[in-house]
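Chemist: Whenever a hint applies, use it, and build me the whole structure from the sequences.
Position 174 (the sequence shown) corresponds to 181 in this note's numbering; numbering is contiguous.
Be aware that one or more of the hints could be misleading.
[Claimed, not checked] Label pairs and their in silico Cβ distance ranges:
#1 Ala43 <-> Ser125: 30 to 40 Å
#2 Glu494 <-> Ala222: 54 to 64 Å
#3 Glu327 <-> Lys417: 43 to 53 Å
#4 Gly487 <-> Thr213: 54 to 64 Å
#5 Ile492 <-> Asn162: 14 to 24 Å
#6 Ile492 <-> Pro427: 49 to 59 Å
These aren't lab readings, by the way, just hints derived from the structure by calculation.
Beta carbons are placed, not taken as given, at the ideal position from N, Cα and C, and that holds for glycine.
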Amino acid sequence: MSSTSNLRARYESAGQDHVFTFWEQLNEQERAALEAQLSALDIERVNRVFATSIKAENDAKSGKIPDEVKPLPADVSGSTLAHADKVPQWNKAGLDAVAAGRVGVLLMAGGQGTRLGSSAPKGCYDIGLPSHKTLFQLQAERIARLQTLAAQTANKPEGSVIVPWYIMTSGPTRKDTEAFFKQNGYFGLKSENIIFFEQGTLPCLTMDGKVILDAPSHVAVAPDGNGGVYAALRAPLAPGSSRTVLSDLESRGISYVHAYGVDNCLVRVADPVFFGYCISKQADCAAKVVPKAHAHESVGVIARRGDKFTVVEYSEISKEQAELKDEQGELAFRAANIVNHFYTTDFLKRVNSFEDNLAFHIARKKIPHVELSSGKNVKPTTPNGMKLELFVFDVFPFTERFGVLEVTRKDEFSPLKNAPGTGSDDPETSRRDLLAQHRRWIEKAGAKVEEGVEVEISPLASYAGEGLEALKGKTITRSGIVNSIEEFDALM
Numbered sequence: 008m009s010s011t012s013n014l015r016a017r018y019e020s021a022g023q024d025h026v027f028t029f030w031e032q033l034n035e036q037e038r039a040a041l042e043a044q045l046s047a048l049d050i051e052r053v054n055r056v057f058a059t060s061i062k063a064e065n066d067a068k069s070g071k072i073p074d075e076v077k078p079l080p081a082d083v084s085g086s087t088l089a090h091a092d093k094v095p096q097w098n099k100a101g102l103d104a105v106a107a108g109r110v111g112v113l114l115m116a117g118g119q120g121t122r123l124g125s126s127a128p129k130g131c132y133d134i135g136l137p138s139h140k141t142l143f144q145l146q147a148e149r150i151a152r153l154q155t156l157a158a159q160t161a162n163k164p165e166g167s168v169i170v171p172w173y174i175m176t177s178g179p180t181r182k183d184t185e186a187f188f189k190q191n192g193y194f195g196l197k198s199e200n201i202i203f204f205e206q207g208t209l210p211c212l213t214m215d216g217k218v219i220l221d222a223p224s225h226v227a228v229a230p231d232g233n234g235g236v237y238a239a240l241r242a243p244l245a246p247g248s249s250r251t252v253l254s255d256l257e258s259r260g261i262s263y264v265h266a267y268g269v270d271n272c273l274v275r276v277a278d279p280v281f282f283g284y285c286i287s288k289q290a291d292c293a294a295k296v297v298p299k300a301h302a303h304e305s306v307g308v309i310a311r312r313g314d315k316f317t318v319v320e321y322s323e324i325s326k327e328q329a330e331l332k333d334e335q336g337e338l339a340f341r342a343a344n345i346v347n348h349f350y351t352t353d354f355l356k357r358v359n360s361f362e363d364n365l366a367f368h369i370a371r372k373k374i375p376h377v378e379l380s381s382g383k384n385v386k387p388t389t390p391n392g393m394k395l396e397l398f399v400f401d402v403f404p405f406t407e408r409f410g411v412l413e414v415t416r417k418d419e420f421s422p423l424k425n426a427p428g429t430g431s432d433d434p435e436t437s438r439r440d441l442l443a444q445h446r447r448w449i450e451k452a453g454a455k456v457e458e459g460v461e462v463e464i465s466p467l468a469s470y471a472g473e474g475l476e477a478l479k480g481k482t483i484t485r486s487g488i489v490n491s492i493e494e495f496d497a498l499m
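Modeler: Set out below in structure tokens:
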């Protein structure tokens, strides 16, 4: 039996053999392309994903009452605000893990800057800092500084501590992202410690679960959501290779992973405080959160549903729940999700064992396709099919030891979502929030900054405000960029 016959038999068994409708009309090149695409597709998994997702949707529609939503219990929650006395020990434990080579970083960077008026990957965006550093550069330099700090803490030689950086791109951003890093000399990091991989896709399906063709020799596909990261971690890093992100984590001896989204200019990459907190809790999965700005902020919050942890969308919480206060007078449902997570490597490996229980989210869309009966291209005017997406937090209900760390919003969260001039979550607010943080660092060190003066502190000079003690009693009178502590002298 030929490989093509085997493939056809597989698709026939899965009830998806219509994908071969135009086979006899295809030339050799088109046949090879279709065969390659179909061979790479786990069609049995596609059928399972569809069945699980439809069942979950039908359960919700049939009025099957979901478990009651409850606030997070105190035993899973930590706070750099309420437990400030524990921060130094968490920081030390995290730096020790970094120095021991047990920490890796996972960046979800598949998005383009479309809303920002750019077709480039979002991480290439310049938010208008005096240095014109992009989001990628800020994050790379934080990793470099953290490696130095961890080496100093452990009395190890400079350059001996490595934090590998796993960067998930998408089909449209992969090439440009890799080229950007190469053009910029990997921002001073070693290229062998930056591993690029690609977010997966899933076929677009008809309403009854049949794979859609968008050309006679091509299946219509769409990205599988940021939760597709879990499947992408076990996909080959190159065609025919047995190496995956999971195998690379294992071969490097990485026990703990920090995962985050690209669009937050304040993100503390591989934050030792977060790692230390999670290690102290023996968490297998955890989320960093910020307090909601107000009771009715339109944001998903981390909560409990029954005895499981989950992200509850704003629309799922009643007005009474949104306004409910705890014993300390704080909002009971306040843990705003900011796509900032911790995992043990063991947990990431375990996701495969419960993936069949994860219900993908269904988005019904107008999907251009080839009509099977006529071969004509059709651009529908009403939704004719579905795209399936998983969210990164959909694994939370499967954690055995969950943790949540609450941090200060102004120090750690300023997302870039909107076009310049929008007035919120835009390049101007990102720039403002980062420079305001640098002013606070200088003032906390005991120095003054004159009105109207803007100082940008390179992550290479300070990761989170440390190392500025020499500024005590001084006054900064000029705006400028500081790449090392010595460069402050020129601003006085």
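Chemist: Please name the hints from earlier in the document that this structure breaks, with their numbers sorted from lowest to highest.
Modeler: Structure breaks hints 3, 6.
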